[in-house]
Every structure is written in structure tokens, then in C-alpha cells.
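Here is what each chain is made of, one letter per residue.
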Amino acid sequence: MADIIEKLGKLDRRIIFVLIALAVIIPISFDLILPNPVGAEPSRDLYDYVDALPEGSNVLVSFDYDPSTMPELQPMAEALVLHLFMKNVNIVGMALWPQGASLGQDAMSSMADSLGKAQYEDWCNLGYKTGGQIMIVRLGSSISAVFPTDMDNVPWSEIPMLRNITALESFSLIISLSAGDPGIIAWVMMAGDRFGVPIGCGCTAVSAPTLYTYLQTNQMVGMLGGLKGAADYETLVGIKGGQAVRGMAPQSVAHLVIILFIIIGNVAYFSQRKKGGAR
Amino acid sequence: MNWEILGIWLGALVTLCLYSFLYRDNPFYKFAEHLFVGMSAGYWVIYQIENVLIPNWWQSMVPSEGGFNWIWIIPGIFVLFMLARMVPKIAGLSRLSLGMIIGSGAGLNMVSFFQTNAMAQVKGTIFSVASGSVWSIFSSLVLVVGVVSGLIYFFFSKAHTGVVGKAANVGITILMVAFGASFGYTIMARLSLLIGRCQFMLEDWLPTIPRLLGIGG
Amino acid sequence: MRLIIPLAITFTAGMIMILNFFVPHQPFRFLGENLQEWYLIVASGAIFLGAMNLMHVHFRKIKLKLKNWKYSPVTIIGFLVMLVLGLIYGVTEGRPFNYLFMNMVAPMGATMFSLLAFFVASAAFRAFRASNWRATLLLTSAFLVMLGQVPIGAMIWDKIPLIKVWLMSIPNTAGQRAVMIGAAMGVVSTSLRMIFGVERSWLGGTD
Amino acid sequence: MKSLSAYAIFLLLFTAGAALADNADPPESVVTEAAEELHVLRAVDIEASDTPEDAGGSVSLTWGMETVGTLPDSLGIMRSDPSGGEELIATLPVNIVMYNDQSADNGTEYSYWIVSYLGGTVEACSDRAAAVSSAQWIYKGRIGMMIILFLMSAIIFYYIESGKKGKELYIREIAGLEAVDDAVGRATEMGKAVLYIPGIADMDDIQTIASIVILGRVARKTAEYGASLLVPTSRSVVMSVSQEVVKEGYIQAGRPDGFNKENIQYLTDDQFGYAAGVDGIMVREKPAAIFLLGTFYAESLILAETGRSVGAIQIAGTAMPSQIPFFVAACDYTLIGEELFAASAYLSREPKLLGSLKGQDAAKLFFIILIVVGVIAATVGDYWSPLKSVAEFLRKLVTVN
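Residue numbers (the numbering used here), protein chains in the order written: chain A, 29 to 307; chain B, 1031 to 1247; chain C, 11 to 217; chain D, 171 to 571.
For reference, chain A alone in the conformation it holds in the complex (with noise of 0.2 Å):
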């Protein structure tokens, strides 16, 4: 037994290898989905967040993020949406980024049709506008000054839901779905700390780190971290099979790999000290 330990710590580093890939590539073609039980996490505090906010309240989502992202944000906005619609929640939806008014519109458009909700009276997108932290200060004063029409150039006037939206304390929580500069960190340092409007975060898995600070100091509600936060995000609104739990499958079999890899090391590793091995 002891020489089977022994010899599994010193295991040819290419059957890891092996198992990795297997780990892989067996969620992949059976298409398996893992139960994805969300504890006391960032993901969560965000959830309970949305979900506390009374009915009728004004959110701003920000779009800030473009294609090369969208397998980690666009399960984000779409779990948040369709959350935010569930609690009949307006949607005004924005962007930083160029691209990300047409992702927020595809999100916002493909929810609101499933849930029977109408533009200019349930949501709106106002598009994308230059200038990052400057036109977010700018925002605080007059939002119609800087978005005097939304993205199809329909007036402010014309959009009912805006009647009682002047500036950004005029929404009870601001979300970024953010994919770097100019992104979260713009709004947390000017609508969060300047306006004090609530901010929710998602963002990349690389990024998370770095913004976990924000966080610890109670200068962002909640925040979802890369595909493990969608996934989290898609679990807690109870959406059956999302893009992001399906994906997370393999992510989770192969972490469990290593896991394992990391307990046979260590007992081997033991095992070998005990009896009284070199090295």
C-alpha cells in the first residue's frame, strides 16, 4: 500500500496530463451540467441586492465590454436582466465601450420579448458615449444633456419611463459589466464615491483580483467574477441549463483533478517523511 502511495507522488507528470484532458472533454461531449450551489460570495451579495429593490426602481446598466469578452459577460447581462425584469425593475442601459450598446441591446431585447416587456415604458438603451470618467461626472449633474436621444436617436421627451430620471441619483443601483478601461473602476470612483449611488460589478475572471479591494471597502454592493460569477448568477435566478452553468462543467471537473492531484502529493509526500525517506 505504502509503496503504491510512494510511487503516486512521484507520478509521470504526462498521466496528469491524460486526466486533465479526459476532464475535459468528457463534459464537453455528454454536455453535462453540475449542480452549482452558491454560498456567501460577491455573486450572491449582488443577487440580494436586485432582489431587495422595490418594485418600480430605476437601474442603470452599463455595458463595458465588447466580443472578445462576451463568453464571460453576455451570460451576465442576461441572467441580470431577466432578474431585473422578473422584480419589475426599469432597465436604462448604456455603454462605454463601442460595441457593448449592441450586446446590451441583444440582451435586453431577447429578455424583454420572453417577458412580455415593452421598450420606452420597461427599458431603454441609451446608448454609447465617449469621455469614461469625465461624462460619468457630467452624468451626475444631467443625464438628458449628455444623452439627449437614445441610441436610435429618439428623443428624451418621447420616452416615458425617463419622465423621472434627471441624474444619477435618480437610480437606486448602478451595474458595470466591465472588461477593463474605462469600465468599473470609472464608476465606482465617480457615480459610487462622488454621487454615492450603489455600484454592482461584473467582470472577467483576470480582473477579479485587482477589484476584490472594492469590495473589502464597501465601495461595491456585489460583483460577479467571470464565468464562475455568471454561472452563480444564472443558479440564483434559476435558469435552467444557462450558457454559463453548462460551461462551467468542465472548468469544475478538471479543478477537481488538480484538487485530487494536490491531496495525493501531500499524503504521498507524508507517507514518504514517516518513513524517514530522503529529500
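Note that these hints are calculated values from the structure, not bench results.
Here the structure is a predicted model, which is why all the values come from computation and not from measurement.
Some hints could be false.
[Unchecked claim] Listed below are the simulated DSSO-like cross-link pairs for lysine-lysine, each with C-alpha atoms no more than 27 Å apart in a straight line:
no.: 1; chain 1: D; residue 1: 566; chain 2: D; residue 2: 310
no.: 2; chain 1: D; residue 1: 431; chain 2: C; residue 2: 73
no.: 3; chain 1: B; residue 1: 1153; chain 2: B; residue 2: 1196
no.: 4; chain 1: D; residue 1: 362; chain 2: D; residue 2: 456
no.: 5; chain 1: B; residue 1: 1060; chain 2: C; residue 2: 71
no.: 6; chain 1: D; residue 1: 310; chain 2: D; residue 2: 334
no.: 7; chain 1: C; residue 1: 73; chain 2: D; residue 2: 566
no.: 8; chain 1: B; residue 1: 1060; chain 2: C; residue 2: 75
Using the hints, position chains B, C and D against chain A.
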């Protein structure tokens, strides 16, 4: 000839060749590696011509609306100095260009690193630790102590003994915890790259095989 | 003399870059903005040196029949094919150059990138062993974060995702900050040594 | 005079009308429709100011649009100079709310206003705003940084000078750098090569610069020991400089004949193409020692794991926080952040360079004090307000705009 299917097959073949490296070095990998180096080097030559030399230099010097901007001769001369390396007799001229690149790089890096790495991070660390629950006070203290002791670890002119030694030890401890956490978090992002390649092989390439063999339409 | 002119150029270029950051007034702004463009141009013009070197190395390999010389024609042909197609057809979408890039160069890049998935696994297996105090810390924090990333972590103990969040937002932030501030000091010192010619070994001068 | 009174009457009527419309509070739809017929939207709240912190010649304009009324086709920016000459300086789409006039002369007071075009004619006109453009000598938000940076530089130079004067300086041991001799020695004994990888960034990157200086020192050692040194690079300029410093290292060691230019070769600018090529070199040459020093991105672990698998001693170093964990896991020694920049001084043992390390320490001490004082002031400041302003001052000092 179906160009799309040919493209998928080319992509799939080089993918398999490169993956064979995981087993051991072999002729397939050697072939793909040499091909990759050659093709990408060729790609980058064209890239530099199309994206830097023509738009940033040539079109600034000879604008399409006519005229000639003499000042843009200067970078042209520096490029020639650089290429002078190919002629052993005047190879020394390249040092002038190197001096310019290294000087600009050093100056630019000095201010930008100082701004984003030093000033911004110090600013982020100056805050009140006495707010919120006991747990958040503890966390804030760990953060501040971590940054300070981490900096002490980098002290070069003091031996790591006594108080400095203890602080440096705390510092390296925090650094190790940080590196572990960062490694653990990144594994997931790295796995998604492999998933992308597997999807290409299983969902784009594999279905072309029966089509090529004439099975299943 | 051999050293003085390059050192003078280094000093001038460095100072222009620094002053450009603090002084918006002319001529620093003009010089600073132009210099940033110019050194990009010089660095990208130098690519011909690299290309020549690559060809030289492989032709020499073939000529001298060095080890693995049989693969050198692959590099040479790959290089020339891309170069010629790019020069003849341009880089627009749908042309041969772009076709080869999208179907060969890009997938090869993605494949090499994806090797990381295998290598993080083997590195984690080998390196994360509790052999001493520091390695144990590295292992423990990596392990907890990994567990917090997958459903099973929350199933084992519902606090594990919380621990993950704490590790990421407190020690991770502290460690990154210490590294970044320290590195900035190193950068300032190295830059000063280069700009003021204290360090000149790169020019082939010891003193 | 006549026109003035006419203007006054018009203004009175207008305000009265506006007040009426406000107070009457008829059904909303009526207001919008009536307003639509009444007037074309015009720009309001127009503000003109000198563009701050620039080289002059520029005036910034901002404005808002009215919200109730007919949308114009486009907006025209009008400018008049002191001589009275009026000109149209730009035509903009209606959804733009800011503009920079880059054609202003310094010291001239211009007056700006915005006209709304509908169907090619001017239908509405905004109020006027005036501004004078000027050039500034310093970015105000960067003064704090300038002072600190100047102080740091002064400290570092002070210690470089004192090093030059021969003052004895203690430098602690850095394990990764102590191992350099061993690594090169082992390669020589085994008759294998030393592989040096200077990162994938170009020569303008400060980490590459630091790495090249270290390469010079390593080259000298390989020349002394008589081991062969391979340097594959991913940038042409880095290749050129590497050839220069390695040649110099061999000359200094008195072994100019041992220098082989072919060993320093360019592969490709492509990040992963380079990784593939270097992996190939590693498995075929099986170097006994591998140095990975400089800027690395995702390829860090691809290189380090392959190097590990061929059994080489690996010494890595980078200031990229995201890549350090991978080097720590896969290499024998890792130079973390600042240690990379200290390496050239450490290896050369030149007093003036060691002095600069001492200067770096003093600079770090300054920041540590700044952080500690700042945190104490901010914390105590919650209970005793005078200290709060100290904390605010320190935060402002390190804020860069």
C-alpha cells in the same frame, strides 16, 4: 475546394502537432514549432510595416494631402542607424538608436511606474482601520501590516535579524499567502483556454470527418 | 567619444519623457509626444534585423548540416510565404495572408496558450507540498481558494467561499501592493542609473 | 438703446410665458405637443473655459440641451473674436455636449455660442460664454508626485555618491543571485549550455533594460567558466543589445574568442510563437541552467515548466505581480519584484551601484513612514478631527491627476 473546411483542417492539424509536445519532443512538434516561428515572424514583419511604419511614419512624413514634413526624417535616420548593424564597419551607429530607445523607455517607465505602482498603491493604503465590525478592523490591520512588512522584506541594506528580521518574516509570509491565493484563483481562467481548444476540435473539426467521407451528408 | 554621444542621447530622451509628464508647456509637450512615436518607429523598423537574423541562422544550419537542419526549410518557407502574401495581397480580410493567419497562426497561438491548463496542473501537483512553513502557507491558501471556486467547496463547509473572498481581498491585495511599491523603487533607481549614465555596461563601457 | 428695450420686453414676455406654462399645469401631453410646435431645442448652460493644464491654444466648451421641443438636425459652434469677426468653427451632431476649440490664440478673449439648425436654417441660438486660452507650466495635480520623485532621486544620488567615495555598504544575501555562480558552474561541469531568456517585452521596457544589464554580468561568468550561453529573443532590438553586452562580457573576461554571435538569435515577436521556439530549444539543448529574467505574461509557466522537465536549475525574476506565483511554483529561485532591479548591482558589486540600493531602501522607508502616519492619522482622526486633516493632506499628496 472548400476553403472553410481546409482552414479547419489546417488549424486542427497544427493543434494536434503542438499538443504532441505534451508527450515528448517529436518530429510533429518540431515541424509545427518551426512552422509557427517562421509564419509568425513573417506575420510580424508585415504587421509592423502595415500598422506602424506606414501609418505612423510614412504617412506623417508624406501626408496624403501633399507636402513633406521634414521633422519625420529624424526617426527615419534613427531606423537607418539601427539597421547599420548589418554592416560591420558602421555597426557602432546603432548605439545612437539604442540610446534613444533606452532613454525614452527609462524616462517613460520611471514616471508611469511611480504613478500607478507607488503613488496609487500608497494612497489606497492610507485609510482608517477603526471602522466596522471587529472582523473588518482585523482585516484592515492585516492589510496595512501586510503592505508595510512586505516592503520591509525588500530592504537590502539591513540584515534580516532582530526586529527587521521579524518584520521581514511576516512580510514573506503574507507574500506567500498572496501568491498561493493568486495561483489558485487563476487556475480556473487557464482551464477555460483548454476548453476553447477542445470545443474547436470536438465541435468544429470532428463533424467535418463524416462529411468528407460522405457519411451522413 | 564612443560613449559620450549615445549617453547624451539617452539622457536627453529620458529627461524629455520625464518633463513631458509634469510640464504641459511647449516645447516639452511637442518633443514628448513626438519622441513616443519615434521610438516606436525605430523599434519596429528594427524588425528587419530580426528577420535577417532568423534567415541567417536557418540558412547557416542547412549549409553546415547542424542538428535538426532538416526542419529549417520549414521556418524559411513559412516566413517567406507570409511575407510575400502580405506584400502582394495586403492584410484585408478574406485575402490569403489573413486566411493563413486566421487558420494557422492564430490556432497555433491559442494551442500554445492552452498548454497552460496542463502546466498549472503539473506545477500545482509538484510544488504544492507541505515541505516547510512557507510552502505550507502557499499550499493552504491556494487550496482554499481553489476549493472556494468549485461547488464542492461550499458543500464541504459553507464558509469556504467566504475564506476565498477574504484571502483574495486582504492578503492578496497586501502582497500585490508590497510587490508593486517595491518594484516602483527599483524602477526609479534603474531608470536614474540609465538616464544619468551611472550604469553603462550595455554600451560596452565599464566606467 | 431702442434694441435694448425691445430685447427687455421680449425677455419679459418670454419669462412670463415660461412661468405661465410652469404654473398652469395642464395635462402633460398638451405641454409637449404645444412646445414642439413652439420652438426648436437650443443649447443651455453653455460654459467656456481655458482647457486646463495644456500647452495653450485650446478652449473647452460644455453645454446641455433643452429636453422639451423639436430636435434640431445639427448644432453649429460660433465664435467671435475681439475685433468682432464671427465665424462658424464646427458643425456637430445634436447628441454631442462638449467641444474643444483647438484653433484659439493664446491671450485672445473669444465669445462662443451655439446655434441649432433645422432644415438648413438657424432656428435657435444659445446664450454666449467667453474665455481666454493660455498655456500652463505645470500639471497642478502632479506637483505632489514631482516633489516626492525629486526627493527620491536626490536620496538615491546621495547614496550613489557616497558609494563612489568608497563608503563600506552592507547588502544582505539574495538567495537567487548567490545561486548564479553555482548554476553556471554546474553547466560547465556537465558540458551543457546556459539559457538566458530576457522576457518578451521590447527594449523600452524597464524590466528588459534591467535584464540586459544582468545578462552582461552572466555573460562574463559564462566566459570565465567557459560555458556556452544561448540567448533567444523575441524582439529585434533586444537581440541587438544582447549581442553587444554578451560580446562585451566575453571581452572583459579576456575570452573574446569564446563569443559566438550565432548563439544570440531572434525567433519571433509573437508571444506564443516565441514560447514554442524556446520550448523546442529547451528540450533539444537540455541546458543545465535557465535564467528567466524580465517581463513575462502568460508564457511564464509554459517556459518554466518545460525548463523544469529537462532538469535545469532555474533562476527567474519579474516585477509582474500576476506571474510571480507561477515562477515561485516552478523555479528553484525567484527574484520577486524589486530584487530583479537590485540584481545588476548585486552581481557587479560596484560600490556606486550598491549605493543606489541603499538609496532605494531609504525611499521605501519614506513610504513606510507615510503609510503608517497616514493610517494612524486617519484612524485617530475618526475621533479627533484635527488629525483627519493630516490624513487628508497625505492622501492628497500622493494623489496624481
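Against the earlier hints, flag every one the structure doesn't satisfy and list their numbers going up.
6, 7
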